[in-house]
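Let chain A serve as the given structure and place chains B and C on it in line with the hints.
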Amino acid sequence: MFTIEILGKTYNSAAVFGQLLIGLINGSFYAMLSLGVAVIFGMLRIANFAHGAQYMLGAFVAWALLNLPELFPGSGLPSIGYWPSLILAPVIVGVVGMATERIFIRRVYDLDHAYGFLLTIGLAMMVEGLLHVRFGSAGLPYGTPKEFQGTFNLGFMFLPYYRAWVIVASIIICFGTWLLIERTRLGAYLRAATENPELVQAFGIDVPRMLMLTYALGVALAGLAGVMAAPIYQVSPQMGQNLIIIVFAVVVIGGMGSILGSIVSGFLLGLIEGLTKVVYPPGSTTVIFVFMALILLARPQGLMGRT
Amino acid sequence: MTEAEPHLTVRGLQAWYGESQALRGMDFVVRRGEVVTLLGRNGAGKTSTLRSIVGILRQRTGSVVFEGRETVGLKSNAIARLGIGYCPEERGIFASLTVEENLLLPPVVAPGGMTVAEIHDLFPNLRSRGRTPGTKLSGGEQQMLAIARILRTGARLLLLDEPTEGLAPVIVKAIGEVLRVLKQRGFTIVLVEQNFRFAATVADRHYVVDGGRVVAEMTNHEIAARQDELKTMLGV
Amino acid sequence: MSGKPSSTPAWLASPRARELAYLVGLAAAGALLPLVVYPTLAMKILYFGLFACAYNLLFGYLGLLAFGHAAFFGLASYVCAHLVTVVGLTPELGILAGTAAAAALGAVIGWLAIKRTGLYFAMITLALAQVVYFYLVQAPWSMGEDGIQTGPRGKLFGVISLADNTSMYVVTLVIFLAGFAIVNRAVNSPFGEVLTAIRDNEPRAVSLGYDTRRFKLLAFTLSAAISGLAGATKAIVLQLANLGDVHFSMSGEVLLAVLIGGIGTALGPIVGAAVLMTMFDALAKTGAWVQAIQGALFVGFVLLLRSGVVGTLSGLFARKTR
Chain A
1 MFTIEILGKT
11 YNSAAVFGQL
21 LIGLINGSFY
31 AMLSLGVAVI
41 FGMLRIANFA
51 HGAQYMLGAF
61 VAWALLNLPE
71 LFPGSGLPSI
81 GYWPSLILAP
91 VIVGVVGMAT
101 ERIFIRRVYD
111 LDHAYGFLLT
121 IGLAMMVEGL
131 LHVRFGSAGL
141 PYGTPKEFQG
151 TFNLGFMFLP
161 YYRAWVIVAS
171 IIICFGTWLL
181 IERTRLGAYL
191 RAATENPELV
201 QAFGIDVPRM
211 LMLTYALGVA
221 LAGLAGVMAA
231 PIYQVSPQMG
241 QNLIIIVFAV
251 VVIGGMGSIL
261 GSIVSGFLLG
271 LIEGLTKVVY
281 PPGSTTVIFV
291 FMALILLARP
301 QGLMGRT
Chain B
1 MTEAEPHLTV
11 RGLQAWYGES
21 QALRGMDFVV
31 RRGEVVTLLG
41 RNGAGKTSTL
51 RSIVGILRQR
61 TGSVVFEGRE
71 TVGLKSNAIA
81 RLGIGYCPEE
91 RGIFASLTVE
101 ENLLLPPVVA
111 PGGMTVAEIH
121 DLFPNLRSRG
131 RTPGTKLSGG
141 EQQMLAIARI
151 LRTGARLLLL
161 DEPTEGLAPV
171 IVKAIGEVLR
181 VLKQRGFTIV
191 LVEQNFRFAA
201 TVADRHYVVD
211 GGRVVAEMTN
221 HEIAARQDEL
231 KTMLGV
Chain C
1 MSGKPSSTPA
11 WLASPRAREL
21 AYLVGLAAAG
31 ALLPLVVYPT
41 LAMKILYFGL
51 FACAYNLLFG
61 YLGLLAFGHA
71 AFFGLASYVC
81 AHLVTVVGLT
91 PELGILAGTA
101 AAAALGAVIG
111 WLAIKRTGLY
121 FAMITLALAQ
131 VVYFYLVQAP
141 WSMGEDGIQT
151 GPRGKLFGVI
161 SLADNTSMYV
171 VTLVIFLAGF
181 AIVNRAVNSP
191 FGEVLTAIRD
201 NEPRAVSLGY
211 DTRRFKLLAF
221 TLSAAISGLA
231 GATKAIVLQL
241 ANLGDVHFSM
251 SGEVLLAVLI
261 GGIGTALGPI
271 VGAAVLMTMF
281 DALAKTGAWV
291 QAIQGALFVG
301 FVLLLRSGVV
311 GTLSGLFARK
321 TR
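Residue numbers (my numbering), protein chains in the order written: chain A, 1 to 307; chain B, 1 to 236; chain C, 1 to 322.
The shape of chain A in the complex, shown without the other chains (with noise of 0.2 angstroms):
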């Protein structure tokens, strides 16, 4: 073991080093999910307030899908397990995603900002509220996949297999969306439209449908980060709640509607965080949101932000 100096204080490199890493767990949440806001907010101009309660929703639906035995006794329904909740429970929240926006989102379109920054928060506090009355607000729990039982011994610390797992996938999902959105015809659509939705449509494309299938997407994306959270976190109603502010300030950070600024930023400021904890633990917690301040002062664009 070796040590490191940061601001003329001396660290043990192993609490260094294994904050940086929960860091880097922490921040493949934040960039999954600030991915998600950023594509509806760029595409639909709604601030969806309610993508913490949509992650959350993601990790519930594979907590549900594990437990369809003990949920409906006598159903003769099967536990479905990780593995295909992770193709499941994104589609499934993508659908109730694509719902949310045919009834409640799609009318506040022409409306202030505010309104759908309102109305998500709403949508959010209902899903939250409704689940936290049918199931209570203790974490249930989520095991780990089998697969993904054992760690890493990386000297410093012991990796769990399914925490790196959740880091290579994050990073999966980043880049697939990201090469979705700027090298596909598909995307192509959808930047267009992001700058000229009328020209858009007079070209034969159904634009509405479009930002539909957008906030699906989005939606979805949030599913997925929910699905891959519930063994890590406990599986709760307000999962979402603190989260979601978070992401808020990354997006924010990256620059609102930017997809590789809140990549980059949400894995960032998960590294910023774990460092902060090293070096300062009470900071830990506030550190994302000084700095946001700090960044929207210097550079109120944010970080990748256009104009």
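None of these hints come from the bench; they were simulated from the model.
Keep in mind that this is a model prediction, so the values were computed, not measured.
Glycine included, C-beta positions come from ideal geometry on N, C-alpha and C.
One thing to keep in mind: the hints can contain errors.
[To be verified] If we take Cβ atoms under 10 angstroms as the criterion, some of the chain A residues that face chain B in the derived model are: (1) 5; (2) 14; (3) 154; (4) 156; (5) 185; (6) 188; (7) 192; (8) 199; (9) 201; (10) 203; (11) 208.
[As the list claims (entries may be wrong)] Here are the in silico distance ranges between beta carbons for each label pair: (12) 234/A to 25/C: 45 to 53 angstroms; (13) 5/A to 140/C: 44 to 52 angstroms; (14) 289/C to 206/A: 34 to 42 angstroms; (15) 24/C to 139/A: 37 to 45 angstroms; (16) 136/B to 118/C: 26 to 34 angstroms; (17) 206/A to 27/C: 42 to 50 angstroms; (18) 117/C to 15/A: 53 to 61 angstroms; (19) 90/B to 148/A: 19 to 27 angstroms; (20) 72/A to 218/C: 24 to 32 angstroms; (21) 284/C to 139/A: 44 to 52 angstroms; (22) 136/B to 206/A: 28 to 36 angstroms; (23) 285/C to 15/A: 42 to 50 angstroms; (24) 136/A to 149/C: 49 to 57 angstroms; (25) 157/C to 99/A: 54 to 62 angstroms.
Chains B and C alone, transformed into the frame defined by chain A:
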């Protein structure tokens, strides 16, 4: 010139932006394979006419029949799918898309559109610029791109809104060439113009628009004889 | 906004007269309120109504969606409870100190936040309020999860005991009326006209020569101070300052009260506060349903009744009398 069937028939078209009325009963006909211009001063209703035909301007009444189908009441994406290509004022090139993405953006709505190779033959400037962001092209090139991208889709009627605006004379001339080639290929074209001298080099007939309605119609042959009258109407 | 000339009787035509009428009306309603609901709930309606009026000054009249007003309400509550308990200040001094702390915090947060508008403004206020929240979670003097229990309410000016609910209620009502009068005066003064001018078209207000940033900062600080007044009063009334006072859900609740009552109306926030507090009280035993219902109210009012109860009623009234 033979009397071909009407390709686009506009009757009593009225349109509003909120409270203010932009069109007060436009009436005109475009026959298959014709190039027709809408001439008129700023604010006469030329652009609003095109926007109403493609359905971007939704508050509209009256009748627009394209290939025998009524389109007032349809959404713009459905209208485009019938085979109408629209090149907007200010060109509408997307900044966040490359030249190639801009070119390939409008979906193919019918068979018989031009191939990318044919388009590149018509607009050689665009050939090697595929990776360039759309708005990094020069104004003339952007105009070429804006026209080029609606040639792929199989649209048979092209609506072009001031394609020569703000461009150097040599480019205006090149665009004139392009329009003549497109006419030869059988496209029907409605051209919005302020510059009647340019219009006279490409069009078969002209409608003069003022106050949201058609106030005069003339063939290209008449334009020389009625130049003074035209100048008064256009305020030039 | 509301208040079309045609709907207003002549004697109510001047803003001054209307302000006075509101005050008299509210004083009378305030005197009758304890006959309808039990005293603690009545006091909750008053301090929360004042909080909502303060918030409405910013959201309704300046058009800025702040999402961190819990910081001002909560900090004032904590400062007041702390000073009353540890230093032994009399209630009115505790309330003044809490209000001053909220004003100071408002000046700092406002200075940062008004550099931006729209969603960014909402995000900055939310982020900075989270900083205040986590500070109070960790600070040794705020007593963590338990919060500060102040014990007996003490004596106003060292003389009048607030132990019984009647005297406490009268004091709360006076504070409420004073706060309401200040907000209402600010809104109806030339200052308030500049605020609405900024809301409707800021570049135009700038071109008319107004230093809009100064007006925004003043309004923000005033709004924070009155929010603090409400929060500090809460600490005395309930003999408690706790993390619920600074939690972001408190920011959501005050926003919801204004939305329910009517954004940018004088009386709307009070109506909204009354609805919300009565609902919380009635649903206290049902636990989590409260959150779901609150959410449904947000959704319902955003989609169906954007001008709120008071805004909608005065709109109807104006149409009928036209």
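Now for the hints, and whether the structure bears them out:
At about 44 angstroms, the closest approach between the beta carbon of residue 5/A and any beta carbon in chain B exceeds 10 angstroms, and the interface hint on this residue is violated. Look at residue 14/A: its Cβ only gets to about 45 angstroms from chain B, farther than 10 angstroms, so that hint breaks. Taking 10 angstroms as the C-beta cut-off, the interface hint given for residue 154/A is violated, the closest approach to chain B being about 41 angstroms. Of the supplied interface hints, the one on residue 156/A is violated, with its beta-carbon coming no nearer than about 43 angstroms to a beta-carbon of chain B, more than 10 angstroms.
The closest approach between the C-beta of residue 185/A and any C-beta of chain B is roughly 7 angstroms, which is under the 10 angstroms cut-off, so the hint is satisfied. The criterion of a C-beta within 10 angstroms of any C-beta in chain B is met by residue 188/A, whose closest approach is roughly 4 angstroms, and the hint holds. This hint holds: residue 192/A has a C-beta 5 angstroms from the nearest C-beta of chain B, less than the 10 angstroms allowed. Using the Cβ-Cβ criterion of 10 angstroms, the hint placing residue 199/A at the interface with chain B is satisfied: the shortest such distance is roughly 5 angstroms.
Interface restraint check: residue 201/A against chain B, minimum CB-CB distance 5 angstroms, threshold 10 angstroms, status holds. Look at residue 203/A: its Cβ gets to within about 4 angstroms of chain B, closer than 10 angstroms, so that hint holds up. At a threshold of 10 angstroms, the smallest CB-CB gap from residue 208/A to chain B is about 9 angstroms, leaving the interface hint in force. Between residue 234/A and residue 25/C the Cβ separation comes to about 51 angstroms, which falls inside the hinted range of 45 to 53 angstroms.
Separated by about 29 angstroms at the C-beta atoms, residue 5/A and residue 140/C break the suggested range of 44 to 52 angstroms. Distance hint for residue 289/C and residue 206/A: a CB-CB separation of about 39 angstroms, consistent with the stated range 34 to 42 angstroms. In this structure the hint that residue 24/C and residue 139/A lie 37 to 45 angstroms apart at CB is violated, the actual value being about 53 angstroms. Range check, residue 136/B to residue 118/C: Cβ separation about 30 angstroms, and the 26 to 34 angstroms hint holds.
One distance hint, 42 to 50 angstroms for the beta-carbon pair residue 206/A and residue 27/C, is violated here, with the actual separation near 58 angstroms. Checked against the given bound of 53 to 61 angstroms, the beta carbons of residue 117/C and residue 15/A, roughly 42 angstroms apart, lie outside it. About 55 angstroms separates the C-beta atoms of residue 90/B and residue 148/A, a value inconsistent with the hinted range of 19 to 27 angstroms. Restraint check, residue 72/A to residue 218/C: a C-beta distance of roughly 60 angstroms breaks the suggested window 24 to 32 angstroms.
For residue 284/C and residue 139/A, the hinted distance range of 44 to 52 angstroms is not satisfied, since their beta carbons lie about 24 angstroms from each other. Checking the proposed 28 to 36 angstroms range against residue 136/B and residue 206/A shows it holds: the Cβ atoms sit about 30 angstroms from each other. Hint check: residue 285/C to residue 15/A, Cβ distance near 47 angstroms, so the stated range 42 to 50 angstroms holds. Checked against the given bound of 49 to 57 angstroms, the beta carbons of residue 136/A and residue 149/C, roughly 28 angstroms apart, lie outside it.
Here the CB-CB span from residue 157/C to residue 99/A is close to 60 angstroms, well matched to the stated 54 to 62 angstroms.
Comparing the model with each earlier hint shows violations of hints 1, 2, 3, 4, 13, 15, 17, 18, 19, 20, 21 and 24; every other hint is respected.
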